[in-house]
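Listed in order, the protein sequences are those of chains F and R. Position 549 (the first sequence) corresponds to 549 in our numbering; numbering is contiguous. Residues are numbered in our numbering as their position in the second sequence, beginning at 1, plus a constant of 1000.
For the record, the hints were derived by calculation from the structure and aren't laboratory data. From the three backbone atoms N, C-alpha and C, an ideal C-beta is built for every residue, glycine too. Hints should not be assumed to be uniformly reliable.
Looking from chain R toward chain F, a few residues come up when the C-beta cut is under 7 Å (computed) [said to hold, decoys possible]: (1) ALA1025; (2) LEU1034; (3) THR1036; (4) LEU1039; (5) VAL1050; (6) PHE1131; (7) PRO1132; (8) GLU1144; (9) GLY1151; (10) ALA1155.
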Amino acid sequence: MAESATGEKLNYLNHERGLWSWLTTIDHKRIGLMYLFAMTIFFFVAGILALCMRLELFHPGPDIMTAETYNVFFTLHGTIMIFLFIVPGIPATMGNFLIPLMIGAKDVAFPRLNLLSYYLYLIGAVLALVALVKPVGPEFFSNFLTWLGLTGPVDTGWTFYAPYSLESGTAVVWMTFAAFILGFSSILTGLNFIVTIHKLRAPGMTWFRLPVFIWASYATAIIQTLATPVVGISLLLIILERVMGIGIFNPKLGGDPVLFEHFFWFYSHPVVYIMVLPAFGIVGEIIPVFSRKPLFGYKMVCYASLAIAFVGFFIWAHHMFVAGISDKSAIYFSIATFGVAIPTAIKVFNWVSTMYKGSIRLETPMLYAMSFVFIFLIAGTTGVYLATLATDVFYHDTYFVVAHFHYTIQGGAVIGLIAALHFWYPKITGKMYNDKVARSAWFLVFVGFNLTFLPQFVLGMQGMPRRYFDYLPMFEPMHQLSTIGAFINGAGYSLALLNLFYCAFFGKERAPSNPFESHSLEWQTQSPPIHENFEETPVVTDWPYSYGVPVEGGGHH
Amino acid sequence: MNSQTGELAGPPHVHHMDARTAYGAAKLGMWLFLGTEVLLFGGLFAAFAVYRWKYLGEFTHASKHLDWRLGGLNTAVLLVSSFFAAVAVDAAQHNDNKKVVRNLAITIGCGLLFLVIKYIEYSGKYHHGLFPGTAEWNSPEFNESYKCFFGLYFAMTGLHALHVIVGMIVLGWVLSLARKNRFSRKYYTPVEVGALYWHLVDIIWIYLFPLLYLVA
Ligand SMILES: [Cu+2]
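The shape of chain F in the complex, shown without the other chains:
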């Protein structure tokens, strides 16, 4: 085996050194890690904004900020979390790292394009930060900033609904342009993954030998490429409308604001599957490994990913039941939305059936995966309340929606990502995380998360509207529970990520190449993998889930 100058085994982390080798890398593994670093920063920034809001809501009335600041905070929390953290999310980090390894390829199909996606992401992030600038300083300077459209942080909410986004005096043009660039980055990533999965599978890696994470990533990539252009054009139209005064969405200029909502949700409903489908894939990888049983109903899990992606394109107007759409289309969108519950439930049944009578090891990744299943069950069933026309009229724009959304996205996508980071940690870093710390962090995350958002379901049912800075005294106890939960939750994430970062840089314990005894291809190469992933192109002869099945030469795996 090749060795570096210092006598270490060569791997993708040490075969080249220095910042420049990272910034110019076209190695999918390094690009995945660079996304992870940037996204972690944004996750904490947006998380701190959330904690500030929770603190403000501890008592009714203004405590630590004004109502205007609160509007800016929830807009930034949403925009940063959505566009800079969870949309690139699992695909950009774990997808980049794992897809070529799992299919036995040396890299993605277009490595340079992959690096371009990363820089587009950074440019989008910088534009979003610039959009926070307020016109300050000497008069000529503040006039200049105003002329540039930098008129203060955006207060429209992450949805940029017209007509307010057309009238708001804040830097909407900058923020929407940032989102446009980030969307472009997302499209190129998705395109790259589709081509990679089609063209670069190792010999013998047929479609039905692919790990379910690959199927989930494939379905996600389809949404990324097909839905994102539509939000791109609607954001572009918002910009044109503000800059040139043309009339598309503004009723004052002959436009129709409901059309914006259609365009926006045509993307932004499917986008929740960009966030959560890869997490389904991750849970599908983790549960068989720690149950030592073959994944139950493998083909159905694969098809279910595609079905979710497909149905997801035809249900967007369930966000608009009270926006004045016709009764007939509301009935259609309601029924079609129930349809998503079928493939989603198939997945849940398959995970639970995989665990049934397995020999379960409650390692940290498995704890997160099981929490995911538990939380997602609540997320899915509360979604049905919101898809039902009669109940949605009441729940719409209340904390019920906030709680449902965070159960799917934080409890789903974020916990899925944290599960993945622990599971593939030995592969990525070649080290082991501190298990005791990891478990305590999991406990804080799980308890904190549920304590934050279960009371919000109750608040919603009592009629507490979302995005409100102030509230009636009757809501105080639930808000206080939620705030306490949020801080526990935040402590849990901080502890989990600190543990991972600390052990990666200062940990002494070297990980074996396959500590969890997975059968998947990425574990069959050394940890961390070499620059080209495999010494020789692997030849695949079986699917990756034959756990607990007698193999040639006797014994069970």
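Following the hints, position chain R with the ligand against chain F.
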């Protein structure tokens, strides 16, 4: 492509897959990208459909302000340009780099001509006060459905013109490779995907032209 029979050779930097895979990957990638472009314009087409239904009479009337002769001329220019792009691909498959250069130069020239005609049309609109930001446009008498029609007109044709410019840059890059004799029967991927992109730009205009100019 039917003429591709023997082994394909790849560009020097493709180290992680063989040449045939690289060729297939590039083509699939470009087709997917064209799909995203169709959806990008699809949003505009959907908006146009909605407002044409909402302002049926006004849209018909507003459309009369567009000169179908200039629009038709531009359609012809783009169709001719697409023909030469296709000839360039064929030339690359027959190892004729000089012919690639010639035909791509004509294609790019057509793109330039298209932009010049578009500029003439835009400045005409400006003089008639049908351009966003002019005094007439901002006056309260300006019909709001006109703001919608011309708003969509400028958004659609402007975005399309941007694609023409990008297409010219892409083909210019391919042309520079052809001048270095990079292409052969075994390797002509950039010519083919570049031409594919150009055809899409052409096709979008073929939809825009009747929708905007001939709607009356
Ligand atoms: Cu939705």
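Checklist line | Unmet hints by their number, sorted upward, for this structure | finding: As far as the earlier hints go, 2, 6 are violated by this structure, in ascending order.
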